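> Spelled out, the chains give:
2 protein chains.
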Amino acid sequence: MAAPSRNTCGLTERSVRERVPPLLNDLYQFTMAYAYWRAGRHQEPAVFELFFRDNPFGGGFSLFAGLHDCLLFLRSFRFSDEDVEFLRSVLPPATDPAFFQFLRGLDCSGVTVRSVPEGTVVFARVPLMEVAGPLAVVQLLETSLLCLVNYASLVCSNAARFRLAAGPRRRLLEMGLRRAQGPDGGLTASRYTHIGGFDLTSNVQAGFLFGIPVAGTMAHSYVTSFNSLEEVWPQTLAAANGDPEPVDVISLTKGWLSRVCELLGAEPEKIREGELAAFLSYAVAYPQNFLPVIDSYSVGCGLLNFCAVALTLCELGHRPVGVRLDSGDLCKQSVDVRRVFRLCSEHFSIPAFDSLIIVGTNNISEQSLAELNKKVKGVNVMVGVGTHLVTCTKQPSLGCVYKLVEVRGRPRMKISEDPEKSTVPGRKAVYRLVDMIHSLFSGVHQRLHKRRVYPHRHS
Amino acid sequence: MAAPSRNTCGLTERSVRERVPPLLNDLYQFTMAYAYWRAGRHQEPAVFELFFRDNPFGGGFSLFAGLHDCLLFLRSFRFSDEDVEFLRSVLPPATDPAFFQFLRGLDCSGVTVRSVPEGTVVFARVPLMEVAGPLAVVQLLETSLLCLVNYASLVCSNAARFRLAAGPRRRLLEMGLRRAQGPDGGLTASRYTHIGGFDLTSNVQAGFLFGIPVAGTMAHSYVTSFNSLEEVWPQTLAAANGDPEPVDVISLTKGWLSRVCELLGAEPEKIREGELAAFLSYAVAYPQNFLPVIDSYSVGCGLLNFCAVALTLCELGHRPVGVRLDSGDLCKQSVDVRRVFRLCSEHFSIPAFDSLIIVGTNNISEQSLAELNKKVKGVNVMVGVGTHLVTCTKQPSLGCVYKLVEVRGRPRMKISEDPEKSTVPGRKAVYRLVDMIHSLFSGVHQRLHKRRVYPHRHS
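If you read the protein sequences in the order shown, they are chains W and A. Numbering (the working numbering) for the first sequence: 1 to 459. Numbering (the working numbering) for the second sequence: 1 to 459.
Keep in mind that the hints are not guaranteed to be accurate.
It does not matter which identical chain is meant; a pair holds if it fits inside one copy or across any two.
Claimed, not checked - Dumping the calculated DSSO-like pairs for lysine-lysine here, alpha-carbon to alpha-carbon at most 27 Å:
#1 Lys394 - Lys421
#2 Lys377 - Lys254
#3 Lys270 - Lys421
#4 Lys375 - Lys254
#5 Lys421 - Lys375
#6 Lys377 - Lys394
#7 Lys254 - Lys394
#8 Lys254 - Lys374
#9 Lys270 - Lys254
#10 Lys270 - Lys377
#11 Lys394 - Lys270
#12 Lys428 - Lys332
#13 Lys428 - Lys374
#14 Lys270 - Lys375
#15 Lys332 - Lys421
Don't read these hints as lab results, they were simulated from the structure. These figures come from a predicted structure and were not determined experimentally.
Please model the entire structure based on the sequences and the hints provided.
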């Protein structure tokens, strides 16, 4: 078994043991283990292969992920007294008590894993992991290994497809925590979408554990919590040049607002004061990190308020960052917003407005991302993706299986009523003779190589 | 805040804290909390509502779940020094250090939750939870509460739909651990599909933590690991009547096999000896729990082997349980298998063969379950569901949102470019004037009432 460096990936053996306790397993693994033990076959050398039958998302490839966790799991695989007592209560009463003694002493010291490296581009029906060891032990590992590989590989592959749709340069932010299958699903998604090609995550814990860069600024609730400019506090801001005299930002912003309204032919009465207050309040707190969500009421209104506050910041020597769009037609809005930025930049001679960014976060799918990419090619739009990324809407499971291919040196095969469920018997060696794949997936692949976390063996 | 009884549901505050640490949160919750704090607004009383905008799966209802975990989460919500240090490293350098002191002292003692009871039938746009408390605190809770409610409610609702498709009597087994979004997703699925109407789970940890009945017998690997009858050990079995003289089961089974082949007009040479050995070996280990998977090679072959071994068990006074079908046309096979059982029962005068069960586990969806239910109405088929149940293929996310409805007693509203994203301002009271729902969902609802785990308040 390849030795994983502990803590290289923010997770320890202990935390994986809590996440994947040895009872987190299908009952039939235990009933089979007992039947092997009863027949005296539990120590027979056996080999299982882990693979999937079809590339996900109707695509031509997948990325293999989850290996690091599998190795931590194998290292921690041991039954406590409490585990064994519970198993005694669920297995048939006639089960020989000596079997529970056997379970109590089990570990994976006799298990060998051969695997493709974490993050490798892989294809259907190719063995991803080969798990060899005593028959009863390697049988008991099936469910946990599948559970650790299936979603990790699926979401990593999905991220790579988003990356391919976005092209190599557009910044991608993962923000699916609230839509994932619970907390651990969300954390796994943040971790493996980064390996698959996302630049940033909104998930702070993923930053803490895995060192992934985190990002995020403001939700609609922040905007709607404000009602009037009186709520802005402090109402002054110091200039970036160090001038100790704080400036009254309320009147400065009001001035910029009327100039912007004039420039764009908008009526200042239609402005929502609460939104202006929210933006200004946020800008006072974060003069160097101003990136508000501008569609809590309407993009038109939010854009005017943004420009007024951003111009105020610029006048004081600060540098606003950009805007977030969270509803409506992202392509059209991006173009409109960019046009207004350019207008302001030219009219007020504020070149900083040319480098403002737009973050789009409205229910982005792989398809809508590809479309956005085509329609707003030149526009610097960063994209945040949640639901479609982490739930893998197009195909929410990978379907890896774990099949017995050899016992006591003899190849084993399953046939089945569904021809595609039949297995290829015997241990296999995997070769990749043509290296074209590197040029096809260069962006994704490079990223993966950087992220590889521990030594491994090729199968 | 309603006080949850600790440990009533197998999870403790500590385990929820490990599962949902306070950094498992979107970064923008922290940037907003800082901006509120900076403006002196962090203590303002605020109210958020948690709801979804559309019933999932194109259906007419959902079940609300996840509340128990939310309450445990709220009780454990506290930042450690390490958490705060990490936040200091990701928030802008200009962030006032006093803010981190403020975070260090935060908890949910000022937070009040009003909620519909766990497991209630709920509808779109109705507040499921109302979270009231200091603005900065209730803002910080958004992501975690959504994460805990979204998948729990979705998978619980999905299970209820499978239950409605199956009718009230058919036994349903959840077996999706290997297809879920990792270990925690799998555990959540087992827990909430049981609340939604499933009888059993394959997940042993779910049995351990939540007391859900567990089930499972054998995978194909067990069958394919056997090659010949020589591997069966012991080759004898005692009769159920206590007769101490063990009987040679190999020759007994061979005898039954040739009688069954004769009855069904099958050629004994086509029998797979390895499969027969696997079945016999398992039967010797579990004479009262014999339920093998019979399609590792072909249902025809597996059925003959099953009958031979099951008749051997019956002759010795044991009671075989049934068969599992895992590939091909489940409807057709169920009818064929049931016909063979009846034939054996009549021909050999073994009435136990009439009460054998059939377990179907081949990629069952809500639709295929409804079809099965119609086609094999009278046949006792228990159904095991994995992928489509736990990943909620038809709609893999619920889309609950958490919206600000009131600050300092004043109603708040969001409008948005997408009209359906607009919110209804102000706190709400939820009434259900017509109680028809009870008769519509009686099966599901009764189950839920049994499972309710702690005291609550209605909103």
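> Look at each hint and say if it fits the structure.
Here's how the hints hold up against the structure:
1. Lys394 - Lys421: both (22 Å within a copy, 24 Å between copies)
2. Lys377 - Lys254: neither (35 Å within a copy, 73 Å between copies)
3. Lys270 - Lys421: Classified as between; 21 Å across copies, 64 Å inside a copy.
4. Lys375 - Lys254: neither (35 Å within a copy, 72 Å between copies)
5. Lys421 - Lys375: between (43 Å within a copy, 25 Å between copies)
6. Lys377 - Lys394: within (25 Å within a copy, 33 Å between copies)
7. Lys254 - Lys394: So Lys254 and Lys394 fail the 27 Å test inside a copy (48 Å) and across (50 Å) alike.
8. Lys254 - Lys374: Answer is neither: 38 Å inside a copy and 69 Å across each miss the 27 Å cutoff.
9. Lys270 - Lys254: within (14 Å within a copy, 90 Å between copies)
10. Lys270 - Lys377: Close neither inside one copy (33 Å) nor across copies (64 Å); limit 27 Å.
11. Lys394 - Lys270: So Lys394 and Lys270 fail the 27 Å test inside a copy (42 Å) and across (43 Å) alike.
12. Lys428 - Lys332: neither (52 Å within a copy, 36 Å between copies)
13. Lys428 - Lys374: Answer is neither: 43 Å inside a copy and 44 Å across each miss the 27 Å cutoff.
14. Lys270 - Lys375: Result: close neither inside a copy nor across copies, 31 Å intra and 63 Å inter.
15. Lys332 - Lys421: between (47 Å within a copy, 19 Å between copies)
Checked against the numbered hints above, the structure violates hints 2, 4, 7, 8, 10, 11, 12, 13, 14; every other hint is satisfied.
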